[in-house]
Amino acid sequence: MRFPVSLLLASVALSAGPWRVALEPAGYDLGQVRILEGLEGGRDTGERVLVRSVVDTHDERLEIVWEKAMEVPVYVLPEQARVFCRERRSGAPLVAGWHESGKPVLWAAVSPGRDGRERFPLLPHTLRSLGVRPSLEARDLWAFFDSSYRLRADPEYLAVRWRQGGIAAIHVAGWQYWEPNPERDRWLQRLIETCHRQAVQVYAWVEFPHVSGKFWEEHPGWREKTASGQDAHLDWRQLMDLTHPECEREVTAGLRALVDRFDWDGVNLGELYFESLEGAANPARFTPFAPHAKEELRKRSGVDPVAGLTDPKQLRKLLDARADLAADLQRKWLGELQWIRRATPHLDLVLTHIDDRFDSTMRDKLGADAARLLPFAERAGAAFLIEDPATVWHLGPERYAEIARRYSPLTKRPDRLAIDLNIVERYQDVYPTKQQAGVELFQLVRTAANNFPRVALYFENSILKQDWSLLAAAAATARVVSREDSVVTVDAPRGGLIRWEGCAAIDGRVWPASDGQLVLLPVGQSKLEPCETRLSMGLADFNGMLKDVRSLDGDKLEIRYSSAARAIAVLMKDGVRRAVMLPAGDRKEVVGWRD
Amino acid sequence: MGTWLLPVSLLWLPLCPQSPAGSAYDALRAGRLDEANSLFRQSLSSGAGTVGLRKDFAYTLLKTGDREEAMEQFEAVMRLDPSDERAALEYAFLCFELKRERDARRTFDRLRQSRNAEVAATASTAFENIDGPLREGIARWKSAIESAPGQWSAHQELAGLAARRDELALAEAHYREALRLKPGKSDLLYELALVLRTAGKEREAIACLLALSRGREPRTAERARALMPERYPYVYEFEDAIRVDPSNEELARELDELLFAMDKKAPPRASAKQMGLRSLEKSYLNDALRYLRIAQEENPDDAEVATKLGLTYNLMRRDDQALVWLDRGRRLGDPEAERAYRNLKASRRRFHLTGWALPVYSSRWSDLFLYGQVKGEWKLWRVRPYLSVRINGDVRGSMPGAFGPLYLSENSVITAAGVGMPRKHGLYFWVEAGQSFSREGSRPDFRGGAALFHRWRLGARSFVESATDGVYLSRYQNDFLVYAQNRAGWRPIGVESGALLEVHLNANLTADTRGDAWANFTEFGPGVKMRWRGLPAGMSLRVDFVRGVYTRNEGNPQRPNFWEFRSGIWYALSR
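Protein chains in written order, with the working numbering: chain A, 1129 to 1723; chain B, 3 to 577.
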C-alpha cells in the first residue's frame, strides 16, 4: 500500500510546494512566516496588467523576465505593506511584506511558479528585509577569485563578507601574480593575511595552458595554435603550448616561484585540457595545433591532424590521441605540484576538471576524461573538483545528484569530491535571470551541498551582492531534528552553525565555540540548551571540520578536527579576535591566547 | 584617491554635522562601508550632493566592489563638471573593467588630447592597451574567416570586435553575414540593431528591434522593447520589421490589426472572423473579443462566431455575457454551444443535482452489477456540503469462498450527508456519514477519501488519463482502498460531433490496507467506448477485455490470473 498513499500525500503537498521550494533552500522554514497569495492579502481593483518583467527593490539593476507573460490583477495592499517587487512598467505591486501581530506576512500577487524560481527570484530577500533570519548556516564553500575585478576593493571588507557568506577558501587567479610586481604582490599578501584573520584559506589557482598575459606577450613562439592556424587567444584565455620543451621549463620555474612567493594554503590546477565547446566542428577554436602539439598528436594517432579533422575515421583516432595527451599533461603538472609540496607539506592540492560523465561529449570536445584522471588525483591526495560544463548550466539543480551518483563509483575517496557551480550569464535562453540569482542560486547550492562534501562557486565577483547574505544558509547541511522547550537537537553531518544568542551547552557541557550570535556545531548529532556560565576565552570561528572543543582552563582550548589544508581557529577574548593556524590532517590540538 | 578625499570630507563635515552626508563620512572613517554607501545614496537622492560628495561616494563604492554603480557616479560627475578629467579617467577605466570597451576607448581617445600631460600620457597608454588587442583580434578573425569561411561564430567574433573599435560598417557587414549563416539567432539581430543605432541608421535599427520585440525569446523581446520609442510603431516600421524577419507571425498579425484599426475599409489580410478565431486560439483574448464582435456585426447569424464569443467571455471570466452568447449559439444550432451553455449554466447554480448509474456485466464474476448515486450539492465558499443516496447491488448475491460465502457487492442503499472540497489541480477531497439499508438490516456507514484526476492531450485525437481514488470505508472493517485507473486512448470520432468512438488501453491497479484478495489486483487490456446520436445526453456504452493478476492470493478462491470481459452503460445527469 505504500505507493498509493505516498502518491496521495504528494498531491496534498502541491499547494504549498512552490513557496517551499522557493524559500527552504535559502534556509527558511515556512513556519517562520505567514504566506498570502492574491486576494488573500490584497483588494482587486479590477484592473489587469500583463507582466513580462519585474523590478525588485533588492536589486533594481537585475533584469528579471518571465518566460511566460501573465495577466495579473492590480491589487491594493494594506497601508503597512512594503512593496518589494513591481511590474516593470506600470509599477503594479507583485510582492510585498508586512507584520501582523508580530508575525511577518509575505504576500505575492501570484504563486512563485512550480519550481519556485520562475517569477520572483529575490523572494527570500523579502523575508530577510522583514527581519526573518535562517537558523542554520555552513561555512565550508570555496569561491574562485580574480583580483582584476576587485582592483580597488578593500581586502578587509571582502574577507568579512566572504566569511559571513559561508566561504572557507578562496582560489586566487594565480596568472595575475605570475610575474613579480611589488605593488600587486603587497596587495595579495595583505589579502592573504586578512583572509587568514577571518578564517578564510587561500589557494593559488592556475589555468594552464593559460599562463599569464605577459607570458603570452613575451613568448609568441610558444603560443598554442587553433586548427585554422591562428594564435589560440580564445575568450579570455591566451593558451600556451605546454608540449614545447622550453615553454614547459619556463612554466615549471614560474609555478615554483608563484607557490614560494605567497603563504598559500593550497594549489588548484584548473581546466588543463584543450578547446573548445564547439569541438572539431569549429576549426577556428579547435586546439592544440602548435607545431610541437601537432607532432605529438601525429605520433600518438598515426594520422595527420589537419587531414584527420575532415575524415570521420581518422578524426576518431585524432580525438582519442588528443584525450591521451590532455591526460598526460594533467598527470605531469599534478606530479609537479606534488614535488613542490615536498617543500611545503601543508599545501592542499585540487584538480578542477570538467564533467564528462553527465555530458559525455566533453571528451571529444575538450579532451577531458575524468575516469582516467581520478585515480591519479586520489594517489596525489588531491581533491577532485568537478565543473559542470556550460552545455548544462540551464538545467535545474537536480543535476548535481545525478553527477554525484556517476562519480562516486569512480573513486575510493568520495570525501575528496567537490562540485563547481558556475554562477555566470548563461548562453542559453534562460529565465527569469540570465545568471543564477536568488532562489535559483540557493536551490543550486543547497542541492549541491546535499550531494557533495565540498561546493565551489565560480566566482565570488559574479554572485549578486544581496545573495551573499543568504549563501551560508543555503549551504547548510545541518538539520534541526527537534525543538523541545529550550532544548534543540541538531544533526550536522559536516558541522555548521546555528543561530543562538548567549551561552550554549552541548550534550550537557558548556560549549566554548560561539561568537555570541552563532554557535559552531560539531560533526554529528548534538543537543543544545541554554546555560549561564561565561567563559573567558571562546572559539569565535573555525575553518575545518570541528569534532570537539573543550575549554581546558581560562586561556586554553583543546580542539579536535580534520582538515585537508591548514585549519584556522579564531579565538575571542574580551571582544578581541585572534587567528591561529593549525596543522592539516585529523588532529587534536591545544591552543592558547598567548600561543 | 586619499589625497583629495580628506579635504572634501573636512569641508563638508563642519557645514552639516547632522546631515546624511556627515554621517556617511563618520561611517566611512569607522570602516562601516555599507552604511557609508547607504548614507551617501540617501544624501545624493535628496539633491543635496556636490560633485565632491559624489566622487567620495564613487570611491567608497569601489572599496566595496560595486563597480557598476561607481562607474555611474563618475559618469554623473563628468556631466556635472566636464573639466574633471580625473573623474573621466576613472570612468573610462571602469568602463574597460566592465566590458564596455567602446565607451572606455572613446573616453581615453578624448583624454589623449588633454593639456594635462599626466592625464594625456595615462589615457594614451590605456587607449593603446584597448585598441591594440582589438586591432589584433580583428586581423586574426579576418584571417580565420579567410582560411575557414562559412563559420557564423567567426563572423560574430569579428563583428563584436569591430563594434567595440567603432568600425561600424565592418561590424554591420559581419553581423549581417553571421545572420545569413545563422538566421533567427536573436542575439545577432540585437547586436546588429545596436550597431545600426550607433551608426545613425535609426530606421533600420527600429526595424530589427521591432522584429525582436515580437519574437519568440521573451528576454530578447523585453530588451528590444526597452530600446524602442514609447509610442506605438508606425505601419512602415512594421513593414520594415517584416522584411527583417519574414517568418514572424506576430508582426504580421499586429500589422493587420493596425491597418484595420486605421481604416476599416482597408481589408485586412484575413477576415474579422479568421482573425478572431486565430486570436482565440493563441489566447489573445482582448483581440479575439474585438474581432469576433466585428464578425458578429457583419454576420449576426453565424453560430460559430456567437459560440466563440461566448467561449471568449467565459475565458475572460465574464460568465453573464458568456451565457448570452452561448445561448445565441445554441439557438443557431451549434452543438458545441449547447454543451458549453449547459455546463456553464449548471456550474453557476448554487444547488446542483447530479445522478449517475452504471449497470455493468462482469465475466469474471458471471454477474450483473449496478452502481448508482443521486447527489444534491450546495456550492458554498470553500466547501460543498451534499446529501446523497447510493445504490450498490448485484444479481448473483454471493459465491463460495475459502472462509465462507464471498459477497459480490454490498446489495444495499446508503443515504448519507457529506462534505467535499472544490476540485483543485484535479484533486478532490470528501468525507461523509450515513446509514446503509439492506436485507440484513441497517447500520452506520462512514466513508471518505480523495480523488485525483488528470488528462493529458496528445494531439487532436489522442489522450492519456489517470484517475486515482483513495477511499476509506468503515463497513469493510475500516479498510482503505486505492483504485488507480489509467487509460491511453484514441478517438477517431470525437464527442463534439454528438457521437463518440474511442479505442483505449487500460492499465489499472487496485489495492487495500487489509490485503483482501478481491481488492488487490492489476489488470491490463483494450476497450472501446461509444455513443451515437439519438442516445440521451450523458449516456455512453463501454466494453473492456482485460487480463488481470491478483497481487494477494491468501484466501483467494479464484485462480491467480484472470481474463475479464466487462460491458456496461454509463449514464449521468446533471441539473
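Hints in this document: simulated from the structure, not taken from any laboratory.
Source: prediction; values computed, not measured.
Keep in mind that a hint or two might mislead.
Claimed, not checked - Here chain B is said to cover these stretches of chain A; the calculated rule only asks that three of the stretch's residues, wherever they fall, bring their Cβ under 8 Å from a Cβ of chain B:
| # | segment |
| --- | --- |
| 1 | 1225-1239 |
| 2 | 1615-1621 |
Said to hold, decoys possible - Derived SDA-like pairs: lysine to any residue, alpha-carbon spacing no greater than 25 Å straight-line:
| # | chain 1 | residue 1 | chain 2 | residue 2 |
| --- | --- | --- | --- | --- |
| 3 | A | Lys1562 | B | Pro185 |
| 4 | A | Lys1196 | B | Arg104 |
| 5 | B | Lys101 | A | Leu1443 |
| 6 | A | Lys1593 | B | Arg43 |
| 7 | B | Lys284 | A | Arg1217 |
| 8 | A | Lys1353 | B | Glu283 |
| 9 | A | Lys1427 | A | Arg1377 |
| 10 | B | Lys184 | A | Met1198 |
| 11 | B | Lys377 | B | Ser414 |
| 12 | A | Lys1353 | B | Ser149 |
| 13 | B | Lys101 | A | Asp1274 |
| 14 | B | Lys184 | A | Leu1362 |
| 15 | B | Lys184 | A | Tyr1555 |
| 16 | A | Lys1342 | B | Arg104 |
| 17 | A | Lys1196 | B | Lys426 |
| 18 | B | Lys101 | A | Met1198 |
| 19 | B | Lys347 | B | Phe371 |
| 20 | B | Lys101 | A | Arg1377 |
| 21 | B | Lys101 | A | Lys1427 |
| 22 | A | Lys1196 | B | Gly461 |
| 23 | A | Lys1562 | B | Phe98 |
| 24 | B | Lys187 | A | Lys1427 |
| 25 | B | Lys284 | A | Met1198 |
| 26 | A | Lys1562 | B | Ser149 |
| 27 | A | Lys1562 | B | Ala150 |
| 28 | B | Lys184 | B | Glu252 |
All residues carry an ideal CB built from backbone N, CA and C; glycine is no exception.
Problem set entry | Unmet hints by their number, sorted upward, for this structure | Per hint list: 1, 2, 4, 5, 8, 10, 18, 19, 20, 21, 24, 26, 27 violated.
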